Amino acid sequence: MIQTILALMKKELYQVIRDRNMLRLIFISPIIQLLVLGYAINTDVKKIDTAVYDFDRSSLSREYIKAKTAGDYFVISSENPTVLDAELGFKENLYTAALIIPNDFSENFTKKKPVEVGLLIDGSNANSASITSGYAEMIAMQFNRRQLAIPEPIVMRQQMLYNPESESVYFMVPGIVAVLITMITAMLSSMAIVREREIGTLEQLMVTPITVPALIIGKTIPFAILGFLEMSIALLFGVLWFGIPFAGSWTLLYGLTFIYLFTTLGVGLFISTVTQTQQQAMFYTWFFSIFAILTSGFFSPIVNMPEAVQYITYLNPLRYYMIIVRGIMMKGATVEALYPEIIAMIIFGIVIFTSSWLRYSKRVS
Amino acid sequence: MFKIKFIAQKELWHILRDPRSLIIAILMPIVMTLLYGYAINLDIKNIKLAIIDFDKTSTSSDLMGRFYNSGYFSEVTNPVSINNPEMILKKGQANAVLIIRPGLGEAIQKLKSMRNIASVSVDNYELGLIVDGSDANMAAAAGSYSSIVVSQVIKDNLPLGFEMPGIKISRQVLYNPDLKSSHFFVPGLIAIILMMISALLTSVTIAREKESGTMEQLLTTPITPRQIIIGKTLPYVGLAILDGFLVLGFGVFYFGVPFIGSTLLLFVFGVIYVIAALAIGIFISTIVKTQQLAMMGAMMVTVLPSVMLSGFIFEIKNMPLVLQIITYIVPARYFLLIVRGIMLKGSGIGLLWVEAAFLIALAIVLLSVATKLFKLRVS
Amino acid sequence: MPDTVIIEKLTKKFGDFTAVDQISLAVGEGEVFGFLGANGAGKTTAIRMLCGLLLPTSGNGTVGGFDIYRDNENIKKSIGYMSQKFSLYGDLTAYENLWFYGSVYRLNKKTLKNRIEELSEELGLHEFLNRPAGNLPLGWRQRLALATSVLHRPKILFLDEPTGGVDPVFRRRFWGILYDLADKGTTLFVTTHYMDEAEYCHRISIMHHGQIIELGNPSDLIQKYQQPNLEELFVQLISKKSEKATDV
Chain R
1 MIQTILALMK
11 KELYQVIRDR
21 NMLRLIFISP
31 IIQLLVLGYA
41 INTDVKKIDT
51 AVYDFDRSSL
61 SREYIKAKTA
71 GDYFVISSEN
81 PTVLDAELGF
91 KENLYTAALI
101 IPNDFSENFT
111 KKKPVEVGLL
121 IDGSNANSAS
131 ITSGYAEMIA
141 MQFNRRQLAI
151 PEPIVMRQQM
161 LYNPESESVY
171 FMVPGIVAVL
181 ITMITAMLSS
191 MAIVREREIG
201 TLEQLMVTPI
211 TVPALIIGKT
221 IPFAILGFLE
231 MSIALLFGVL
241 WFGIPFAGSW
251 TLLYGLTFIY
261 LFTTLGVGLF
271 ISTVTQTQQQ
281 AMFYTWFFSI
291 FAILTSGFFS
301 PIVNMPEAVQ
311 YITYLNPLRY
321 YMIIVRGIMM
331 KGATVEALYP
341 EIIAMIIFGI
351 VIFTSSWLRY
361 SKRVS
Chain Z
366 MFKIKFIAQK
376 ELWHILRDPR
386 SLIIAILMPI
396 VMTLLYGYAI
406 NLDIKNIKLA
416 IIDFDKTSTS
426 SDLMGRFYNS
436 GYFSEVTNPV
446 SINNPEMILK
456 KGQANAVLII
466 RPGLGEAIQK
476 LKSMRNIASV
486 SVDNYELGLI
496 VDGSDANMAA
506 AAGSYSSIVV
516 SQVIKDNLPL
526 GFEMPGIKIS
536 RQVLYNPDLK
546 SSHFFVPGLI
556 AIILMMISAL
566 LTSVTIAREK
576 ESGTMEQLLT
586 TPITPRQIII
596 GKTLPYVGLA
606 ILDGFLVLGF
616 GVFYFGVPFI
626 GSTLLLFVFG
636 VIYVIAALAI
646 GIFISTIVKT
656 QQLAMMGAMM
666 VTVLPSVMLS
676 GFIFEIKNMP
686 LVLQIITYIV
696 PARYFLLIVR
706 GIMLKGSGIG
716 LLWVEAAFLI
726 ALAIVLLSVA
736 TKLFKLRVS
Chain A
745 MPDTVIIEKL
755 TKKFGDFTAV
765 DQISLAVGEG
775 EVFGFLGANG
785 AGKTTAIRML
795 CGLLLPTSGN
805 GTVGGFDIYR
815 DNENIKKSIG
825 YMSQKFSLYG
835 DLTAYENLWF
845 YGSVYRLNKK
855 TLKNRIEELS
865 EELGLHEFLN
875 RPAGNLPLGW
885 RQRLALATSV
895 LHRPKILFLD
905 EPTGGVDPVF
915 RRRFWGILYD
925 LADKGTTLFV
935 TTHYMDEAEY
945 CHRISIMHHG
955 QIIELGNPSD
965 LIQKYQQPNL
975 EELFVQLISK
985 KSEKATDV
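Chains as they are written, first to last, in the working numbering: chain R, 1 to 365; chain Z, 366 to 744; chain A, 745 to 992.
Bound conformation, chain R alone (with noise of 0.2 Å):
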C-alpha cells in the first residue's frame, strides 16, 4: 500500500514538475497577485475629494478647513464654487463630499452657541460614505474640543491592540494568501484526477489491485505538499516586502494549515467525483472559490450578513481559517482561542473526504 502511493505522489510530481505553465503559475503568480492584491487592495478610506462652500470666510472657518484637511482623509478638490450644485459635481466624479459652512459660522461658534455645518455624501459607493461621515463627525468633535477647551464630564480613553499602525494591508494579506491556496489546491486536485479519466489512466488504474484510499491519497497529498511550498513563498514574501507582523507561532500555523488542506483538497477531490471534463472541474472549482472567498469574512465581516447568509458561512472552511491566519499573525492566537475553528475544519475534512471516498467505486453498477 505505502509502495503503491509512493509511486502515486512520484508520478504527480513529475507530472507538476514537468509542466512548465504549471510551475509558472504556482510559483510566480501567487508573488504577482500579493503585489498586486497587496497594493490594490486598500479599503481604507482616505483621500476623499471634497468640495468646499466656504459662506463664512472668517479665519475660524479656515482653521476648521485646515483640521478638516489634516491627515489622509478629506482632500480639498474644490474650493468655494461658484455654483451651488454640488449634485453636479457628484455627476462628473469630480468629488465624492461636499462640505458646506454657513454664513454665520464663527459668529455663533465664539459665543458658544451650537452650529450647523453640512455635509453632503455621495452615496453610490454605500462604503465609503458611512466611513466619511464618520470621519467628519470625529474631526467636527476634535475641533470643537480644541477651540473650545471646555473639560468633558466624559471622556472615552481608546487603546488599540495589534496593527497600530493601522495598515489594511496588514490585515489583507494574510487573507490573500489563504485565498490563494484555497484557490490552487481545490483547483489542482480537481483537475489531476479528472484529466486522468479525461485521458483513460484512470479506468487503467481501477483494473490494477490499487485501492481506494490508496488512489485518494497519492493524488491529494502531493498537492498539499504544494499548498504548503506555496504558502511558505507567500508568506515570506508577505512579511519582508510588506512588513506584516507575525506574531504568533510558525509552526502551529503550518500545523493548523495542514489541517486546512485536507478540507480544501477533499472539495477538489469531491469536485472530481462529479464532473466528467476538465473544464467542468475548473468551472465548478472556481464557483466554490468565489463562494468561499465572499462568504470567508475576508472583504466584509460575517456579522453584516443576513442571517440566512450567515448559517451557510459555516459551511465554508475557508471562514474558520481565515480567522486563524489572522489570529495567528496578528494577535498571537493559540490553539486555546481557536479551538472552535480547529474542530470544524476537522469535521469538515472529515465530511468531505468520506463521501468522495463513498463516491469512488472501482466498479460502476
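No lab work stands behind these hints, which were simulated from the structure alone. A portion of the hints provided could be inaccurate.
[To be verified] Some chain R residues close to chain A (C-beta under 10 Å, calculated; not the full set):
| hint | residue |
| --- | --- |
| 1 | 6 |
| 2 | 7 |
| 3 | 19 |
| 4 | 202 |
| 5 | 205 |
| 6 | 207 |
| 7 | 210 |
| 8 | 213 |
| 9 | 289 |
On a predicted model such as this, the values are computed, not experimentally measured, just so you know. Even glycine gets a Cβ: it sits at the ideal position worked out from N, Cα and C.
The hints should help you fit chains Z and A onto chain R, whose structure is shown.
Chains Z and A alone, transformed into the frame defined by chain R:
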C-alpha cells in the same frame, strides 16, 4: 457573411449541448449577484462589543443599552475575562471591549446639575475602550461610533435649554440614501460578469478547437481567420448580453437598485465593453495551447483586474501610482463609471463622454491587436 | 488445459437496453481467444465486466478461479488489461510509465528493474525508454502499453482493440509477441476488428447485439459456412442476422 453564420451556428450547438457549462453560464451570474448583494456589506455595523460593567448602576445599564441600540454595535454574550480582556479579542468573539469603571452614576448626576460651562469640574470620568486593530477600518469605526454614542449620552443628560457648543455635522446622503451596498455592487457586478463570460468563454472555446485539432481542420477550408473569429465569438456576445440583462433585472427588481438613466445608452456601451472583453479573450487564446491555460490566463488577465483594479470595491486613488497607471488599460474601470453614472445618477453622454471615449479607444486597440495576432499565429 | 475464464449467461442491462445478453464461454489456459463483433455489439462491455470494471446484471463468471462478484480484487491481481486508448501518461517517459505501473502492481524495486529490462529487450523498447510516452509513434506506444500490462506476469491478459491504427508490419510483429506470451501460458482474450488477426486465434466468438452467435476454431468455422476467409464469414453472418431482425 454566410460562412460566419455557419460557424456561429456550430458554436451555438456546442454551447447548448454542454448543459453543465450552460448552467454555469446562466446560474453563476444569478448566484454571484445574490452573494454580492447580500453577503458583501462593507458598512461597519454590528461591531461586536463586549462590555464589562464595574459600576453596576441603573445608569450603566442604560449606557449599555445605548450602545447596543445604536445600530452600530451588537451584543457579545460570550464571557469576558476581567483579568484577560484580550482573550476575547484573540478568539475573534468581540471586536472591542468597553470597560465601565465605577463612578458613572455620579458623573451623570454632575452633568444633570450643571449650571454653566465653567462649573464643570476637571475630574473627568473615564470610560475604557480596548479595540482590536487588525481590521483598521473596523477599529476606526469602533472608536468614532463610541464617541458618537457617548456624546449623545452627554447631550441627553444636560439640563434643559443647555446646549453643548461647537460644530454639529448635519449630513445628507445623495443617491442611495439608505446606503444599500447592493446599489453599489450591482453595477460593478454587471461589468465583471460581462467580462467573465466574454473573455473566459471565448478564450476557452478557441483553445478547445486548437487542442482537439479541429481549428487546423477549419483553416484548411475557404473560411478566413476573420470569419472564424467573428463566427465563434458572436454567440458569446449574445450570451454575455443575456447575462448582463439577467444581473441588471435581478438588481433592479429584486434588490431595488434604481435605474434613472437611459437603457439604450447602457446597452450601447455594454456592447462596446463586451467587444473589448472578447478581444482580450481572443488574445489569450492565441498565445496558449491548452484549455486549462486559457482559463487560468483569462482569469488572471481579465477577471482579477476587473474586480481588483477597476474601482469596483477598492478605490483607485488609494493605490500606488504604478497600479493606477495599469488601471487605465482595464476596460472595466471605464465601464464601471458609466454603469454607475447611468443607473444611480441618471448621467447622460454629456457627462460620461470622457469615460466613453476611453472605452471605445480601448476596444478598438484591443480588437485590432487580437485579430492581427490571431492571423499571424494562424499563418 | 484447465479453463481460466468461465462465464455463464452473463448479462448486462442499462435500463431497458441489453448490452450483453446471456453470453457463455470458457477459455483455457494459454489459449488465444478472439472476441469479434461489429461496433456496438457488446464486446467492450463484456470485457469490462470480466475486468471488474462493471457489475453484471445477472449471470456467473470466474476469472482465474475467482468469482467476478465476490473476488473482484483478487481478479485484478492476476489480470492485465490493455485498453483501446493505450492509457499511458504522455508527459512521463516510457521508463517512468513502466516503473509506475509496476509499483502499483506491488513489484519490489529489484524485481521491477529486472522486469523492465527484460520487457524492453523483448519488445525492443530500449531506445525509447527515456522519451516521453506522448512523443512515441503509435506502434511503439502500443508496445509500451502492452509492456505495462504484463509487468506483473498476469495469468490472463485482456486486450481491447490493441492494434487500432497501427501499420501491418507492426501488427504482425505484435501478434508474434502475443503468441510468445500464450506459449508461456498466459491466456489472451482479444477483441479486434481485423479479420486477418482473428485468424491467428485458437478460437473466436462472434457477438451480435449482445449475443454470441458463433463460437469455435476459425478454420472450422470457415469450413462450416463455406466461406473463403473469416472476413467473408463475418460479413455474411452479420448481414444475415441483421436481415432476420428486420424481417421480424
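Structure-based check of each hint:
| no. | hint | in the structure |
| --- | --- | --- |
| 1 | 6 | holds, 8 Å |
| 2 | 7 | holds, 3 Å |
| 3 | 19 | holds, 7 Å |
| 4 | 202 | holds, 8 Å |
| 5 | 205 | holds, 7 Å |
| 6 | 207 | holds, 4 Å |
| 7 | 210 | holds, 5 Å |
| 8 | 213 | violated, 13 Å |
| 9 | 289 | violated, 26 Å |
The structure fails hints 8 and 9 (numbered hints given earlier, in ascending order).
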